[in-house]
Amino acid sequence: MTGRHSGIRLVSVDVGGVLGTVAGHSLGTALAAASPHEHSTVVDIVRRALHTHPQTTDELIQHLATELALPARRVRDILRTPRPLLLIPTARALLAGLRDACPDVQVVVCSNLAAADAAHADLVRAELSDQLDAAYFSYRTGLAKGTGPDVFQHIARQHHVRVSEIVHIGDKIDDDVHAPLLAGCRTLWVHPDHTSTPRVAALDRYRTAADLAGAVTELRRWIPDSVPRPTLPVRAAGLIRNTAGQLLLVRGPTDEKFSFPGGRCESRGADSPPQAMVREVHEELRLTVTPGALLWAGWSEGESSAGENKAHFLFEAHLVGTTVPDPDPAEVAEYRWASNNDALHLLHPAEANRLVRITRRQPHGWQYQPRPIRTSEPGTAP
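Residue 66 in full-length UniProt numbering sits at position 66 of the sequence shown, with consecutive numbering throughout.
Check the hints yourself; a few may be wrong.
Computed spacing ranges between beta-carbons, pair by pair [to be verified]:
| id | residue 1 | residue 2 | range |
| --- | --- | --- | --- |
| 1 | Val227 | Gly292 | 32 to 42 Å |
| 2 | Pro349 | Ala93 | 55 to 65 Å |
| 3 | Ala69 | Asp204 | 37 to 47 Å |
| 4 | Arg279 | Trp299 | 21 to 31 Å |
| 5 | Asp204 | Gly292 | 34 to 44 Å |
| 6 | Glu266 | Leu181 | 17 to 27 Å |
Simulated from the structure, these hints should not be mistaken for lab results. Here the structure is a predicted model, which means the values were calculated and not measured. Backbone N, C-alpha and C fix where the C-beta goes; we use that ideal spot for every residue, glycine too.
Turn these sequences into a full structure, and let the hints steer you where they fit.
Structure (structure tokens):
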């Protein structure tokens with residue numbers, strides 16, 4: 001079955017390269033330039049050992065010096081070098097515009113930041129706090145982007161959203177694109193050359209922009225589009241008989257009554273009702289069938305335990321190869337071969353009604369759940 005998801009409910013914004021720029025070399029760039037190690041190795045060391053540490057201690061400096069193959073004095077000098085953050089002049093107005101356009105979406109900052117650059121966090125709070133729901137800096141949370149899904153899972157828990165309902169905006173391919181995508185988020189990559197870079201994910205999970213202004217413009221289109229539109233589930237099932245003429249019925253793990261084997265058509269892509277029936281029968285029972293005649297098609301109101309309205313298709317299905325079901329326990333708790341008469345008692349009332357209609361050669365129809373009829377109290381108008 002197709003998993004469901006909600007739309008975008010939280011926007012996570014990186015700081016450097018999105019909300020502002022660092023004057024001179026960033027801390028990671030300066031350490032990478034000084035260390036004899038490969039750049040990717042230094043980036044990994046900085047993520048693990050520096051960004052998640054709450055204070056710049058002598059022990060931390062010595063540890064970094066050892067890992068980076070640098071003198072401790074050199075590491076200390078780099079950490080102490082001033083690197084002021086310059087916020088984009090329009091950052092506040094752009095965030096305010098996003099909040100006005102999408103008032104139900106939360107906005108937070110999520111940035112890998114060392115304690116040596118804590119002044120960057122102070123500036124963000126001083127200038128943008130009234131436009132943010134929260135700020136997550138790695139030296140305070142102990143969680144860094146690029147080291148796993150923990151930081152995005154933490155944000156999701158704190159704000160009562162699903163990870164899939166977060167879109168992260170950042171400028172680094174590894175930390176701000178690949179990492180959130182692997183965690184299950186959506187991502188919006190900000191880079192001047194974004195149009196010349198190959199796409200790394202589908203449009204519903206990955207978009208690009210040249211700068212923060214472009215990112216906000218893209219979000220104002222993406223957020224409304226991300227909300228799932230109401231859809232009518234379509235179920236396709238198979239009426240399967242063995243050589244004795246008995247019908248194959250199945251009961252799901254949470255169902256009280258039996259039904260004909262089958263399942264939902266996928267909401268996207270090529271998945272016609274007969275194709276869906278063949279696929280679902282194989283997934284549920286490991287049986288191979290070929291679709292035959294369409295025996296019944298119609299509408300049902302409030303049939304499932306979730307109370308959904310559905311469109312149903314019931315096909316004649318012919319077994320190919322083995323006739324012995326091998327049910328998937330996650331989908332099927334029990335199966336039975338039953339005569340027509342027994343099936344009418346075992347089936348869900350709506351499914352039994354379809355079987356009756358088929359025997360009466362009524363190939364389509366509408367089924368409505370009975371609703372209580374309201375009667376007037378004495379002395380009141382009907």
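What hint numbers does the structure not satisfy?
-> none
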